[in-house]
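I would like the entire structure built from these sequences, with the hints used as guidance.
What follows is each chain in one-letter form.
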Amino acid sequence: MLLIDIDACIGCGLCEENCAFDAIHVVNGIAEVNENCTLCGGCVDYCEAGALKIEGKEECGEKDGLAAWSGIWVYAEYRHGRIAPVTYELLGAGRKLADQKKVPLSAVLLTDKAGGMPAQLISYGADQVYVVEDHALAQFTDEAYGNALEDLARQYKPEVILAGATAIGRSFIPRVATSLKTGLTADCTQLDIQQEDGALLQTRPAFGGNIMATIACPNTRPQMATVRPLVMKANAPDPARKGDVIHYTISPDRLASRVKVRNFVALEGDQVNLNEADIVVSGGRGLESEKGFQMIAELAHLLDGAVAASRAAVDSGWIPYPHQVGQTGKTVSPKVYIACGISGAIQHLVGMQSSDTIIAINRDPHAPIFNVATYGVVGDVFEIVPKLIDKIKQVRSS
Amino acid sequence: MKIIVCVKQVPDAKDVRLDPKTNTLSREGVQSIINPYDRHALEEAVRLKEKVGGTVTVLTMGPPQAAEILRESVSCGADEAVLVSDRAFAGADTLATTYTLSQAIKKIGGADLILCGKQAIDGDTAQVGPGLAVRMDIPYVTCVRRIVEANDKAFVVERLMDDGYDEVEVTLPALFTVVKEINEPRLPSLKGKMRAKKLAITTLSAGDLDADTAQLGLKGSPTWVVKVFAPQLKGERTMIEGTVQEQVDQLAEKLMEWC
Ligand SMILES: Cc1cc2nc3c(=O)[nH]c(=O)nc-3n(C[C@H](O)[C@H](O)[C@H](O)COP(=O)(O)OP(=O)(O)OC[C@H]3O[C@@H](n4cnc5c(N)ncnc54)[C@H](O)[C@@H]3O)c2cc1C
Ligand SMILES: Nc1ncnc2c1ncn2[C@@H]1O[C@H](COP(=O)(O)O)[C@@H](O)[C@H]1O
Chain A
1273 MLLIDIDACI GCGLCEENCA FDAIHVVNGI AEVNENCTLC GGCVDYCEAG
1323 ALKIEGKEEC GEKDGLAAWS GIWVYAEYRH GRIAPVTYEL LGAGRKLADQ
1373 KKVPLSAVLL TDKAGGMPAQ LISYGADQVY VVEDHALAQF TDEAYGNALE
1423 DLARQYKPEV ILAGATAIGR SFIPRVATSL KTGLTADCTQ LDIQQEDGAL
1473 LQTRPAFGGN IMATIACPNT RPQMATVRPL VMKANAPDPA RKGDVIHYTI
1523 SPDRLASRVK VRNFVALEGD QVNLNEADIV VSGGRGLESE KGFQMIAELA
1573 HLLDGAVAAS RAAVDSGWIP YPHQVGQTGK TVSPKVYIAC GISGAIQHLV
1623 GMQSSDTIIA INRDPHAPIF NVATYGVVGD VFEIVPKLID KIKQVRSS
Chain B
81 MKIIVCVKQV PDAKDVRLDP KTNTLSREGV QSIINPYDRH ALEEAVRLKE
131 KVGGTVTVLT MGPPQAAEIL RESVSCGADE AVLVSDRAFA GADTLATTYT
181 LSQAIKKIGG ADLILCGKQA IDGDTAQVGP GLAVRMDIPY VTCVRRIVEA
231 NDKAFVVERL MDDGYDEVEV TLPALFTVVK EINEPRLPSL KGKMRAKKLA
281 ITTLSAGDLD ADTAQLGLKG SPTWVVKVFA PQLKGERTMI EGTVQEQVDQ
331 LAEKLMEWC
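Protein chains in written order, with the working numbering: chain A, 1273 to 1670; chain B, 81 to 339.
The set of hints was computed from the structure by calculation and includes no laboratory data. Mixed in with the good hints there might be a few duds.
Cut-off 27 angstroms, straight-line C-alpha distance, at most; resulting in silico cross-link-like pairs (DSS-like, lysine-lysine) [claimed, not checked]:
(1) K187/B <-> K1453/A
(2) K299/B <-> K1453/A
(3) K1325/A <-> K299/B
(4) K1453/A <-> K307/B
(5) K307/B <-> K1325/A
(6) K334/B <-> K1563/A
(7) K307/B <-> K1368/A
(8) K1659/A <-> K334/B
(9) K334/B <-> K1663/A
(10) K131/B <-> K1532/A
Computed footprint of chain B on chain A; a stretch qualifies when at least three of its residues, placed anywhere within it, have a C-beta under 8 angstroms from a C-beta of chain B [said to hold, decoys possible]:
(11) 1445–1456
(12) 1522–1535
(13) 1616–1623
(14) 1658–1670
Yeah, the Cβ is synthetic: ideal placement off N, Cα and C, and Gly gets one too.
Pasting the structure below:
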């Protein structure tokens, strides 16, 4: 619980101001906590009088035996014959963590047919690849995949397991964490090692991206996190890298699933390859209508790029949902992201701020999009974009 | 069919923000709402009830005022409401939450089908559904976008994947988490509102759950919030100035470099 030292409390109200949950109030000059309190500890950090303390945290979990868990694991997501790109990003991030901790980096591949994939995983930075190859893994099911990863983790005891925050990762990784009775942080955007004790610090957006939270898992192992695709950087593959491939057999009853996949239907129509485009031209409410999107589509076409949008534009019906970038849409990381008439709400920014270059066109000089922009243009999109199209055509033809 | 819908009261995410200059939270007009995804879970439960018969119980773990969202759920078609509330639950992360919810579900006699939202918008973790299913030892399907077939033994549903959707078959009892496209939730009916007003909410405290107290609340939570802060923005921008034509010329020049 949250302990308030009433002698130390000066009733300054900093805790009240900073509480995200409306859980602490100064009453008659002294802080008082109510049942909204989630024990997040936010107020403790803000209290300058040292009057607040969270009690009970030390008691949780089993501290014994933590040292038996060592090494960084990356779950290599496999589906329909291919490894998901986020796997390589995680191997890039995992490589750094492993080097920092001086432990091996391993990939875990669950598949019906491993083929050249283990070698591929090694070329991207894995020291070892654990492979479970079984017919039962041809289709993704939470039970078979979850049990396989759980059994491997119990056997080899990694200190960290990372997986992509994809449909698959977000579905079966919670199963593994619950079975292992350990902590899991979803949708991380940053991973660090804490200097003092080597713990994994997992940072993620919360409250729809309005707040960032750093989470640790001090007393249980493994420390588990799912990581947002396109946030971490993959290393360039090195075909000469050497590593070990360890085949592991899971008993058939552990690979049985009470959910059976009957059929797969690929994403219909509107194939939007936002993730692969080098140039993304994106539009927001400032484009005013479908016509505005025709305008930026022309620019995108000219630059061989793809068209994206803010949620406001999608909600207005000017462009379909698969184009949406942001917290509740896609994350993109192109070479150039051109934001036209987008204000730059944090929920949009989390989906595009790792782009190499960001160009923002907005008539409001104070629009927050300019805070993340590499180049900013204050002006009217309806003047600038058509002129820009003309100019590019002109340069190209001369 | 006995259906339990897990609902959570959350602050309306769009209202919560940390002022990056003062690093303080602006709480202005922060409203508590029923987690938007859970509305869709509730709607699907009510539709199933209407189709195959049965009861719909809404269940929440939260502070006493979470009773508000239970009443709202009843006004939208739920039959029963259970509030699991105790100081001992405070500080629960998803692992402690799933333990508490599973104990509560066992207490109220289990269910044939448990429905959750895909995720709660305060944390966006999407872990409680799968974790709860593991605790109950029942199969689960996440991100269900359509129920194709339903009877009291088995379901066929579509689950949303990154590259399309899978059609899967599952036997009951089972748990699903649902995405918003599954349905369009109805508004409270007048009759529902009347019922909600009168309904006695079942309240369960830690003592009622036959629970291992070491697995509740903060004590039962392996994850620990180290700090909370405002998102950092990079911001080393160059503004492109001049007349519109000058701006366009500079922009085009830059673009031609990259493209
Ligand atoms: C939980 C949650 C999740 C969300 N997820 C997402 C998400 O995934 N993606 C997303 O984008 N949003 C998301 N949002 C919404 C987000 O908060 C913003 O509301 C949204 O991004 C705003 O879109 P916008 O910038 O297009 O519109 P606005 O904020 O209305 O901005 C329009 C901008 O256009 C400029 N403008 C207008 N006319 C012109 C003109 N003629 N020339 C130049 N500039 C012009 C204006 O100055 C203004 O800055 C989410 C919100 C919540 C609460
Ligand atoms: N405290 C709670 N009480 C009841 N249901 C919950 C609670 N927390 C989460 N849930 C359910 O679990 C889903 C996913 O939540 P989360 O894992 O927090 O993103 C929600 O949509 C709810 O259906």
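Tested hints:
no.	hint	result
1	K187/B <-> K1453/A	22 angstroms, holds
2	K299/B <-> K1453/A	13 angstroms, holds
3	K1325/A <-> K299/B	15 angstroms, holds
4	K1453/A <-> K307/B	23 angstroms, holds
5	K307/B <-> K1325/A	14 angstroms, holds
6	K334/B <-> K1563/A	26 angstroms, holds
7	K307/B <-> K1368/A	23 angstroms, holds
8	K1659/A <-> K334/B	15 angstroms, holds
9	K334/B <-> K1663/A	12 angstroms, holds
10	K131/B <-> K1532/A	24 angstroms, holds
11	1445–1456	holds (count 9)
12	1522–1535	holds (count 7)
13	1616–1623	holds (count 3)
14	1658–1670	holds (count 5)
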